[in-house]
Amino acid sequence: MKKLFSLLLAVALVSGAASALADTIKIGGLAPLTGDVAQYGIAVREGVDLYIEQLNAAGGIHGDTVEMIWYDEKGDATEAINAYNRLVESDKVSAIIGDVTSKPSLAVGDLAVEIGIPIITASATNYDVTEGKPNYFRSCFLDPFQARTMANFARDELGVTKLAVLYDIADDYSVGLAEAFADQAKLNGQEIVAYEAGTAADVDFKAQLTNIAAKEPEALYVAYYYGPAALIVTQAAEVGLNVPFLGADGINGIETVISDVALLDNAFFYTDHFASDATTDAAVAFFGSFTEKYGKAPYNAFNATGYDAALVLCEAMKAAGSVDFDAVVAAMKATDVEGVTGKLSFDDHNDPIKSAFITTFVDGNQTFVKQQEP
Amino acid sequence: MKFLQQLINGLQVGSIYALIALGYTMVYGVLQLINFAHGDIIMVGAYTAMVAMTMLGIPFWAATLAAIAVCAALGVTIDRIAYKPLRAMPRINSLITAIGVSLLLQNAAQLIFSPNPQTFPSELKGAPISIGGLDIGFITVVIIFVAVLLMLLLQAFVHKTRMGKAMRAVSEDMGAAQLMGINLSTTISLTFAIGSALAAIGAVLYCSAYSRIAPTMGALPGLKAFIAAVLGGIGVLPGAMLGGFIMGIAESLTKGFISSQLADAVVFGILIVVLLVKPSGILGRRAHEKV
Amino acid sequence: MRKKLQSYGLNILALALLYGLMSFLIGQGAINKYYLGILLSAGIAIIMAVSLNLTIGLLGELALGHAGFMGVGAYAAALFTKNIGMDPATVFPLTLLLGGLAAAVFGLIIGIPALRLKGDYLAIITLGFGEIIRVLIINLDFTGGARGMRGIPRITNFTYVYVLVALVVAVMFTLGRSRHGRAILSIREDPVAAEASGIPTTYYRIFAFTVAAFFAGVAGGLYAHYVGVLDPNNFGFMKSIEYLVMVVLGGMGSITGAISAALVLTALPELLRQFSEYRMLVYSLLLIGMMLFRPAGLLGIREFSLTGLLSYVFRRCPHAEPEEREMPQAVAQEAPPLRPPVAEDAPVLLSAQRLGIQFGGLKALTDFDVTIHAGEIVGLIGPNGAGKTTVFNLLTNVYLPTSGVIEVEGVNVVGVPTHEITQVGIARTFQNIRLFRKLTVLDNVKIAYHNQMQYTSLEGTLRLPRYWSEEARANARAYQLLRVFGLEKLAEERADSLPYGAQRKLEIARALATNPKLLLLDEPAAGMNPIETQDLMATIRNICDRFNVAILLIEHDMSLVMGICERIVVLDYGQMIALGTPDEIRRDPKVIGAYLGGE
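Chains as they are written, first to last, in the numbering used here: chain A, 1 to 374; chain B, 1 to 291; chain C, 1 to 599.
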């Protein structure tokens, strides 16, 4: 009986979806466009919109135009659920790109898995987001992976054994990075001499940095986004902490906000989704078209992962030849495309199999150091 | 040594809180209104100064003046539009419009300047001052100096000048002050102008120290400064100063010696204990209710 | 009572019909998941707003940490569900109850500072506690820290939300209109007068905080099992502010107002969703606009009532039948006597010896001695600033004396809280009238009956028989008392709408309602013309005989004092300078000196 019911449901969904495949394909976008985390939502949206614009200009998906419907959710899980329901129930979208931060993504994922709609996030780095959800994908890599990569880099390339960590206790991205980094460091036989935290929206880290400096570490892992990280680097100099800094993808863009770029030169190493001086055709083209559309160069890694998320989804729709949920999900699973962040394919957990690029700065410019295979 | 270093760290943060708290306390003293938009006026001041310097290319000192002028005008305008019509209503109504204004400023700034943090081009730079092996940042010295100076000037203004006396009279009893021939509207506008001008100075110093500006930058320092004002005894100028310093130092010492993870909880805990021991704040006067 | 029960029946019927209709529409898909989601969020917001209304609207204290309670409830309920090891759906009601209780414990802890603090300072404390709760959730391991808690089964459905909203709203209504609710309201109106009317204000402050926290915790439990993912940052200051906005916008103190505002403010962001980044800008403008153009809130202090609407629609009667109007005539006549008669040998009721108080260096009163016998009328006179009101404040423990003893029927009452002194049998009025201004005349009096009713808050909420019988009796007595003062026609008017003289009388009536043995009247004739004063004199004498109370009277009107007092005490500069019969006082040179020197 139950089987029969789900069969009926599937038929109903397929027929519903098939009839929607007329001349526009609606894709829902979920992102915080206002509120505290709006900068990440807007970064993702800019990347996605750029790809969709190019796609439509090039004839869309088998002649059908793609329409993006963006809803703001303020970074709030409840709002995200409402926005998701509106996309699915009222707008009847064929797929969703989002959400941006982890908790709304988790909340939406629980609903999305019930109907099997294709959904891909460009930025939610929490492991659990795709856990147990065969239809949920992501175009960014995971926090533990980048943190482990950095701990290994510190041991192998920098040869440091006494490490300190500074993280934001109120931010899950930061906590995830800090914990994974510390765990890997301990496995590597490195010592974590200081493990200090700040809280959301702090601007003064001198108290923590003074503590850290007193422990005399050889490197500091800064599990922050680039804004606060710039403050941390500046203030570290003020309290006399002169060690290499390590970070994750959120550091991308730090050179645009730090008051003295010289502080970064050969001092800050971070993992990124693509090498900034990458010369792949896709990356160069992305850089050019982004600058042309928005009047500024890509400033956040989520510009690129957003672009790639849209790319993966639309390529899968092309391959599936329909917007049937199951067909598109199956096509996404089999993804093998060249994105702006490199070659993209998915593992069993729907996480992208892609390298991390360790980057530093020379004369204030991002400079590629090393490619780390997963 | 480490203790002294943490103390200085705390003094710097505390001076910023104190500067912002002065503005809170002035408005509160006169209207008993928690001006929730005060933190966002800081943000406006910061963006004004930045735009003046980077887009109009005017020098740092002139940009500071521009920020002061814009903030003072904004403060007065907000009062006229959002608070004045509600003067006769319970204070909580103005509190809600204050929250509305705060949201409005934040979201407008986000639309104009994008939510991404930007760098503030400060010219307040100098070599750290070294005292007995302790390095004190140049900006730290400037901030502490300016904060104390402004507090003294303000104290003198409130106690020595005609307008200051009018202000105190209004804060004591609005009705009686009006009967004594004090122009209520002018006095309140002046209060908002001064409070917001202080916010602008606070903004320029804050950005010089942290070089980062963003649309939501005012919310947290605003909240903490308000708490500092209550801690010191809201409505009392030296109280705002003292509260600011205590908050800053407590934060810094907690991070340094107890736990950086629990810093906020400890700071709020101190606040609660202080208020339980002395309900009107450290320097606050206890209002005796006549029965 | 029958009318009330009919009205309950009507409301329950309407609720059931609405539930049936909604369930049908949901089942049919006419209300799709999107609209259902909004309904559920709105329902949770209603519980939050209505419970916060208890602290802000009814108790009158600004609380800025309400979301913290929601957080405690959400985490407690979610942890229970994840660790119970039974089917979480079957134990869900228990889970919600647990969430509520956990939050109530925190509410109790936070309510304790309410012992000492008021106004903005209390607001800041609640803000501080709310933030501490958030920081603790972030720091603790079992809550998942900043990563939040995930994998909470999504059990919350329309039925749960609907039933709970109906339940919470009903409880707020019934609680609000019981002796406990009136006690809370009286604190909002005037805490000093509330204490003097025998209300243990500290207890009811904490009670209100705890009950509000309990319901916030229940809402938290619903929220956790609706969203499925918990984020500690969702229970911070800004969230508390959101609910505060709902309460103020709805009209502080109005339950139906809070409900409408919760609905509007949940639906509004949804309507604005397609404006994406302009959304919050529009929202903030609307918020400012709504406050400016409807400063009293959507409904003001009024309540929407179904029976009121129906009677309005069908024009059966010109306006809604006001609360509890049933009794006057018939019941009043058979109401029991207000006090048992006292013994004839007039025992000593109150004696104060060597009573004194210092404010800093100022001796406001020194070595004050007075003895008052049952049924006696004693005058307390003296020039302005002589310390007369201070005597009252000491006798009722508004001030703690720095020296001396006060005995009521031989028991020392120094340091006993004001409301207990009232219960022992000393009631007072105030020099500058302190009525519960926004409450009705009837409620003003009924608040003073608080301690003469016994039904518990649970009995009051569930409207059990004891509630009905005691309330009916209190009503009867209140009307009877009001008739003595010629106020019974004004029983349903707001106290502050009364003319001055009537307000004075109401205050005396309220004091008498506490069933005192000694009544302290502070300048009852102030501002009255000679005719009114004559009238008042007769009333006071009448009260003394009829209610068998002794009276201590502060008055400047000499004709009044000399006319009715049996003995007179004269104070000057905090010193007692004379004590005697009116004739003795009139001739006392010290008294004449004090008055001639003073005036």
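There could be a bad hint or two in this list.
[Unchecked claim] Residues of chain A clear of chain C, computed beta-carbon distances all greater than 10 Å: (1) Thr34; (2) Asp76; (3) Arg86; (4) Ala194; (5) Thr199.
[Stated by the list, open to error] Facing chain A, a subset of chain B residues (Cβ under 7 Å, in silico): (6) Pro90; (7) Leu134; (8) Asn183.
[As the list claims (entries may be wrong)] Straight-line distance between alpha carbons at most 25 Å, and here's what the computed DSS-like set of lysine-lysine pairs gives: (9) Lys333/A - Lys186/A; (10) Lys363/C - Lys133/A; (11) Lys2/B - Lys162/A; (12) Lys343/A - Lys333/A; (13) Lys278/B - Lys118/C; (14) Lys118/C - Lys92/A; (15) Lys165/B - Lys84/B; (16) Lys133/A - Lys333/A; (17) Lys118/C - Lys133/A; (18) Lys133/A - Lys370/A; (19) Lys162/A - Lys133/A; (20) Lys26/A - Lys33/C; (21) Lys333/A - Lys293/A; (22) Lys125/B - Lys215/A; (23) Lys370/A - Lys26/A; (24) Lys26/A - Lys162/A.
It is worth saying that the hints were derived from the structure and are not from the lab. As the structure is a prediction and not an experimental result, all values here were calculated from the model. Using N, Cα and C, we set each Cβ at its ideal position, and we do this for glycine too.
Quiz item: Does the alpha-carbon distance linking Lys2/B and Lys162/A stay inside the 25 Å limit?
Solution: Within the cut-off at roughly 20 Å; holds.
Practice problem: With a cut-off of 25 Å on the C-alpha distance, tell me whether Lys343/A and Lys333/A pass. | Solution: With Cα atoms ~14 Å apart, Lys343/A and Lys333/A stay inside 25 Å; holds.
Practice problem: Please verify that hint: Asn183/B, Cβ, nearest Cβ of chain A, below 7 Å or not. | Solution: Hint violated; Asn183/B Cβ to chain A Cβ min 40 Å, cut 7 Å.
Quiz item: Are the Cα atoms of Lys278/B and Lys118/C separated by 25 Å or less?
Solution: Holds, because 12 Å separates the two Cα atoms, which is no more than 25 Å.
Self-check item: 25 Å Cα cutoff - pair Lys165/B, Lys84/B
Solution: Judged against 25 Å, a Cα distance of about 21 Å means the pair holds.
Quiz item: Once the shortest beta carbon distance from Leu134/B to chain A is found, is it less than 7 Å?
Solution: 11 Å, violated
Quiz item: Given the proposed pairing of Lys118/C with Lys133/A, does the C-alpha separation stay at or below 25 Å?
Solution: Distance ~51 Å between Lys118/C and Lys133/A Cα, so the pair is violated.
Practice problem: Compare the distance between the alpha carbons of Lys333/A and Lys186/A with 25 Å, and conclude whether the hinted pair is satisfied. | Solution: Measuring from Cα to Cα gives roughly 35 Å; hence the hint is violated.
Self-check item: Whether Ala194/A stays farther than 10 Å from all C-beta atoms of chain C, as the label says
Solution: Nearest chain C Cβ is 18 Å from Ala194/A, so the label holds.
Quiz item: Hey, Lys133/A versus Lys370/A, does the alpha-carbon distance stay inside 25 Å?
Solution: 33 Å, violated
Quiz item: Lys118/C and Lys92/A: Cα distance at most 25 Å?
Solution: Violated - the C-alpha atoms of Lys92/A and Lys118/C are around 52 Å apart, more than 25 Å.
Practice problem: Closer than 7 Å between Cβ atoms is the bar; does Pro90/B clear it against chain A? Give me holds or violated. | Solution: With a minimum Cβ separation of about 29 Å from chain A (threshold 7 Å), the hint on Pro90/B is violated.
The structure fails hints 1, 2, 3, 5, 6, 7, 8, 9, 10, 14, 17, 18, 19, 21, 22, 23 and 24 (numbered hints given earlier, in ascending order).
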